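Residue numbers (my numbering), protein chains in the order written: chain A, 1 to 459; chain B, 1 to 434.
Since the hints were made in silico from the structure, they are not lab data. Do not take every clue at face value.
Using 25 Å as the maximum straight-line C-alpha spacing, the simulated BS3-like pairs for lysine-lysine come out as follows [stated by the list, open to error]:
| hint | chain 1 | residue 1 | chain 2 | residue 2 |
| --- | --- | --- | --- | --- |
| 1 | A | 40 | B | 426 |
| 2 | B | 96 | A | 438 |
| 3 | A | 78 | B | 434 |
| 4 | B | 92 | A | 114 |
Remember, predicted model here, so these are calculated numbers, not experimental data.
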Amino acid sequence: MTSRLILAILLLTWMTRVNMKAEVFPYTYPENVPLAGDFKVWADGQEILVYDTPVGGMASFGSTGNVKVRIRIEYPFKSIDIRPKSLGIEPEIDGQYLSFLMPENQKISVEFDKHIYRPLFVFAENPLSEEQKAAADIIFEAGKKHELGIFNVQSGQTVLVEGGAILAGSFVLQDIHDVSIIGHGILDNRDISRQDGNYALVGINSRRFSINNIHVIGNPRWTTAYFACDDFSINDVRIIGWRPSDDGMDIVGCQDVVIDRSFIRSKDDCIVVKACSVNKYFLENAARKNKEDCIGCRNVRNIKVRGSTLWNAEWGNAFEIGFETRAEEMSDISIEDCDIIHVEGNGGVFSIHNGDRAVVRNIRYKNIRIEDARGYLCHFQILHSHYSKDSERGHCENIRLEQIIVSEGVPLNSIITGFDNEHIYRDVFFKDLIIHGKEIKSAFEANLFSEFADNIRFE
Amino acid sequence: MKHILYTLIMLSLLGNCKPDSSWLHLSGEMEGVTYSDFYQVRVNGHAAPLYYSQVGAFVSFTFSGNVEIEIECEGAVHKAEVLPGHLDIGKKIEGKKVVLSLDRATDCFVKINDNYVYPLMVFAHGVSDWMVDSLDEKVRYFAADRVYEAGEIHLNSGETLFIEEGAYVKGCVVAEGASDIRICGNGILEGSMYPQMEKPAINLKDCRNVRIEGLISVDPSFRNLVLNRCTNVEVKDFTGIGTRERRMSDDGINIIESCDVIIEGAFINARNNCIALQSNPNVTRPVERIRVRNSVFWKGDFGMVMEFGYKTDDLIARDVEYSNIDVLHSLSGVFGLSSKSGKASNFRFSNIRVSDVRHMLFAINQLGENASMVNIRFEDVTVLDGPICFSDIHAITEDGIRGISFENLKYGEKKILNPLDAHFRKFKGDVIFK
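Next up, chain B with everything else stripped away, as it sits in the complex:
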């Protein structure tokens, strides 16, 4: 508690106090952190450190009241999109600048002049009382405005890892067989120092009663967050930022044989899958009771945004719901349900808005006789813009794909009621449109 009070005081001192008593905390640039000069960003007139990642630059700060974010580019700005669009964030374009006005905590992408290869991400946090005591021996505390060469951080049962907004931690987090663990804070966890495909940013195995709140994972050498055979996990406001290297599997969140998982307010910018349901080589338990909601996904080259496909041999996945999701960009696919021997049932995708998807929308493929996709419901899926993408539904046995329903599927304003209008390339299975 003491530290929180100290932080609040520092916020008041460091911030630019406006007449309406708004205040903010912006970290300064720190040695050992890579920053981007792709944009110049000022928040309430203060130069903001622009963190580097391979898939976009980002700013992160905490504020209350109102802030004005000024983004300066190398050339004239003709078009600026603040995404998701329904956030309805005020913006104005002035020559080479875009100015955003925020009056509430917001995570958003800023896509300028159709630049999807290096967007700006804004993480404007509100003040949170994390209820973390830095003196508690069960708390691993990484305070703001410092860079930590932490290496592997092992969490045991009952422990809390706190990375404060403004802290920059180089390393990764591991827990195995632990229960009642908590990872929180709006700080940054960077994993680029590890060899490729070696260490996920957060790797939890056989854990129970896990809470992850906040955190910005950037440049992991492997995946951002792996939940492997975990039970009762709550992930709230987690940010995963991937990489561009070819060897990378920079998935956002991998749910491997885990159950009772709630993901709320995730913000993923990955080259590969955003959310992937998977099995281990010798599957022992299903993926079930998964809820993903109120989340924002931006995906680069590979995989699918919401994936049940690769590494699902013999996996049973059931009772999975995605709701209120914004898919802002994907150079590959969005909804993936394709398996050689996995069984997916009782999936519901509802209230999904899709923008700028370049390749594939639905890929539902029974790739082996033992695989099945049953009772998969798509409700209120709207493709807002982007080119025409194809889709596949392909069963190889009579009952391999059944109970697939599209209710209020829209491409723009047009309601889709048949596979031809939905640009299905393959269409074989028990499917209805309504």
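Chain A extracted, bound-state conformation:
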């Protein structure tokens, strides 16, 4: 009887959480924002603006609890994929409408008839607390467009980009500490040419900062990049890119970094860990000429990526280490509990391209769910590439891949190739690798081709 009572209380509590606390807060956008005419979206009955991009519509809204999302699509469709599939969202379809329960603070891609070039991204976002808003030193208000130019954030500042604010330009965190960027606004750089383009958000030689909630869209170059920065986090950031070399997040010569609960759809690499210089275009555009050029040529340590969803489009890879590895050591990098919903091109889900001198060691990929990848599962190389600058080659050791599940898509092969007998991959462990339902226990079963590699094991 007691257990039934407890169960009833728990059920009531859960139902209260699901049904009573669900609330939707649509954002107020300025006029003349790009609208996706082919989708209409409602969240708990409130219409949500669908912001257009060339690679899909984006419906973002603040919400608490799980909310009912209803979508109308203007052309006929036969099949639906809602990714990541690990969320288990099952839509109800009624003619041109579909509806489903959207989990709290989640990011999904709704795809119709496998047309992956025209999905609808739906982002349910936890609202900021009043305390968070009150802490802001600088506010970019909702319902307005803001020309940022190169906006230098100072130490100690909190910058609030309100949901519904539309920004263009770049945030620069240079030689600063104790900074936060918060808020659900959109940094949309689609109208900035590649020639005039810059990082949308860049950290240089900074520490103790966090980047939270912001949407970054259509950047003409690396979208966000951090050079020689320590002790910082990136949380709930959403990136949608479609332009050449638009890497989602470049972590360059950094230490003690957490990337959490983010969503990246980029044409080039989604998340990249490197050791190299700040790019020339930034030096030119941001008058950084008097600073040391190779500030990012620094050891990399303790990088954690978790709870994120990645879509790598035509170029690059989903998780990349390299090609630039101009440091003594790049170590303790972990990628955990992530969903890879697409790798469209010839790249790898997991790639290490050690193109310079670093020893790359202690890399862990764990609990990764892979849906539609088409290139390689692992693309690990030590090589002299066209990005290489060091004359000597490095090596790679202690790489663990655990609980890797490829649930659908085409067969995926892997490559692990060192450079020569002196520069090799050593100690690569696969544990609980499952491809299309089959547990893989050998390199042969994995279709893994290796050269200059020692001790590749499957458990």
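Put chain B on the given structure of chain A with help from the hints.
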């Protein structure tokens, strides 16, 4: 002629004579050649040397009659595809082995358990009378069963280069301003010793009346076969095997400002483009009257299988036909017609079978106002298998892309009659489906 007779005698002596008088010639392993142990291959019971390349291992031999090829793997074989599939080569799977039965000369891929990263290539040659006289001073003769550190081989007008099946030549071939040259034989030309992007395996410039027959080019430091401003070229049964290094542009055949080119029976396994039509920096003449037929293409990471795109500034390419082509694998694209200022007209792609293409099918893009793609016909193109790939047709001026027709385009059994079913991502231009 004497050498051919000698070779035939050796074939009889060395081969495993079966009751039906089949015979074969298999070279032994030679010092200085890199071999692969990814598979163990036996031909009619004899251990076959398995040549190494970065993009697959291969066996090469000459035979008549029937042969049985036994391929042994490290683990159990669940699936084995002998490609192109329409060759209909007999095969059986026995545990860790796949056994093929050949009764005719064949070049094919063997893809085991969906392994596309390191397939086996089989080059089973029939006996050819190359009509090459080793004593002729105009003949550069590389005989079988030897490794040659040849370096750059320069060919002059009227000369023949013969690389016999079983010969392994390290070097590259160059000719400039030569006419009536011939490169032939089923031997191997390897170019990995040169710095990356430096020397194509065969680089012909301003040459006329060229015949290339046979030859296996492997691991070139740059492209496999470059025809630069050449006229009247016949390429028959040429094999180009590329590389995997990132810096490599390992294109199969580059046709640069050349005309009257026939490519017949090419077999290309490249990481980059298989066939590329291109211009030099200061273009002086068009690419025209190009025929590519009865060929097999397997492409890795970059570029397009049949490409008019990169390096086509101000190039005019016209009267180009691809027919009876098997595209067996591509991690990127297949049909590429994209240019900033090049003009492509009167192209015909017919009877093309496409398998396991992972990314893009058609990329037809007018990237600058001066570029145009006019009268491009795709006839009987069938996508046999693989994931859904997107395509683009994108004109930026009203008449930039016109006369594009898809006739009997099929995805599996489904005939495609509209851009939505063809998964076009961009669709702007004068295009019809029928």
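Here's how the hints hold up against the structure:
1. 40/A to 426/B: holds, 22 Å
2. 96/B to 438/A: This hinted pair holds, its Cα atoms lying about 18 Å apart.
3. 78/A to 434/B: Cα-Cα ~24 Å, so holds.
4. 92/B to 114/A: Outside the cut-off at roughly 36 Å; violated.
Checked against the numbered hints given earlier, this structure breaks only hint 4.
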